[in-house]
Structures are given as structure tokens and as C-alpha cells.
Amino acid sequence: MNNLYKTRAERATEGVEIIRKLRDLGVSMEDPYLIAAKNVINTWIKEGETMKESIEFPRYGRRLDMVLPKKKTHAATAAFKIVDEETRKQLEWAAHGRE
1 MNNLYKTRAE RATEGVEIIR KLRDLGVSME DPYLIAAKNV INTWIKEGET
51 MKESIEFPRY GRRLDMVLPK KKTHAATAAF KIVDEETRKQ LEWAAHGRE
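Residue numbers (full-length UniProt numbering): 1 to 99.
Everything labelled a hint here was simulated from the structure, so no lab data went into it. Predicted model, so just to flag it, every value in this text is computed and none were measured. Do not rely on the hints blindly, as some may be mistaken.
Distance condition first, Cα-Cα at most 16 Å in a straight line; then the derived EDC-like pairs of lysine to aspartate or glutamate [stated by the list, open to error]:
| id | residue 1 | residue 2 |
| --- | --- | --- |
| 1 | LYS21 | GLU47 |
| 2 | LYS38 | GLU17 |
| 3 | LYS46 | ASP31 |
| 4 | LYS70 | GLU14 |
Work out the full structure: start from the sequences and follow the hints.
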């Protein structure tokens, strides 16, 4: 096995940590956007390829930007960024029918 790439267990550990931090920030585990983020993380864990994904969380006025790398030299990152007021209003309007 190549020691350059993360194992499935290492990816799972990093993915669980991202979800735990979102939960600690008050995001509901039933939130449809958190479920979408979990699906992205699960795909990364299974496939092992680098993934970059942005998911809007209109209820919170934020966007989750994730970088999920395959190489051990880079940690998985997730930034729960505040979006500007105009973008937040557009997201709330667009998401209103999804929830």
C-alpha cells in the first residue's frame, strides 16, 4: 500500500471530526444541508479521491467550504463562512421550498 495516501480509516476520522464540529456549532443533524455534507464526506471516505465542495446553509446564513484531500500531507478542511446579506436573502428564498 502507498503511504502517500490516506487510508479509509484516516479519512473517516477526519470526516467525523468535521461533522462533530458542525454539530457543536448548533447545526441540527437533521438539517438537509448537513445531510448533503455528510453524503459528500461519505463519498470521499469510500472513493479516496480529493474533493472540493461548497454547500449553502441558508438557515444559518453560511456556506460550508470543504477540501477533502487524498494525500496524507494535507488535512481535510472545512470553513463555515458567513455569506453577505444579499446572498443570504437569496439563499433563504431559494431554500424556502426545499425545507
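Do the hints match the structure? See the list:
Among the hinted pairs, LYS21 with GLU47 is inconsistent with the structure: their alpha-carbon atoms are about 23 Å apart, more than 16 Å. Between LYS38 and GLU17 the alpha-carbon distance is near 11 Å, which keeps this suggested pair within the 16 Å criterion. Proposed proximity of LYS46 and ASP31 is contradicted: the alpha carbons are some 23 Å apart, above 16 Å. Our distance criterion of 16 Å between C-alpha atoms is met by LYS70 and GLU14, whose separation comes to about 11 Å.
In this structure, the hints that do not hold are numbers 1 and 3, in rising order.
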